[in-house]
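For the sequence shown, my numbering begins at 15 and goes up steadily by one.
Treat the hints as calculated values from the structure; they're not laboratory data.
None of these values were measured; they are calculated from a predicted model.
Each statement offered as a hint is correct.
Derived pair list, reagent style PhoX-like, types lysine-lysine, alpha-carbon separation capped at 25 Å:
{"hint": "1", "residue 1": "Lys174", "residue 2": "Lys114"}
{"hint": "2", "residue 1": "Lys18", "residue 2": "Lys174"}
{"hint": "3", "residue 1": "Lys63", "residue 2": "Lys114"}
{"hint": "4", "residue 1": "Lys63", "residue 2": "Lys178"}
{"hint": "5", "residue 1": "Lys63", "residue 2": "Lys18"}
{"hint": "6", "residue 1": "Lys63", "residue 2": "Lys174"}
{"hint": "7", "residue 1": "Lys178", "residue 2": "Lys18"}
{"hint": "8", "residue 1": "Lys178", "residue 2": "Lys114"}
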Amino acid sequence: MNTKNFTRIAMIAAIYTAICFVPGLSMIAFGQIQVRIAEALTLLPLLDKRAIAGVTLGCFLTNLLGAMLGLNPTGFIDAIVGTLATFLAAVCTYRLRNVKTAGIPVLSILMPVIFNFFIVGAELAVLFMPDNVIVGTLINGAYVAIGELIAVIAGWFMIKALEKTELFDKSALS
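Input sequences plus hints: build the corresponding full structure.
Written as structure tokens, this is what we have:
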């Protein structure tokens, strides 16, 4: 890994983490009902493959710091489970980037919503509704998916704006 790649990954991770701890936003970034605006960055793999590592690292650091600061009610387990959801979503966002409907990579955009619905929804169900994990997954997953949908809609507008810049070159996708 060269310095440019390392720096890009670190910057994405730092931006993800910083967004989550902005006063006001940190209150809605964790828990059963959450809107983690930084998850908009999970669409960056549409523009740059290195973003997969960046958002994964950012999510891990955010969940870890959130647990250490007492903001994350799921504790340290979220550093593994939540990060796994973000990693899988970012990988699938990248891999499905060329599958488009009316010129929009709808499947890519929905990957963070789907993975967080099932994985984070199940995590929350196990922790907060252990007597009925299936119903808990559906309820908590729906809450998380709504927040995630808000984030990826913002992410899509961010992607459209970034496409007009020279920050990401086409070689970053290979």
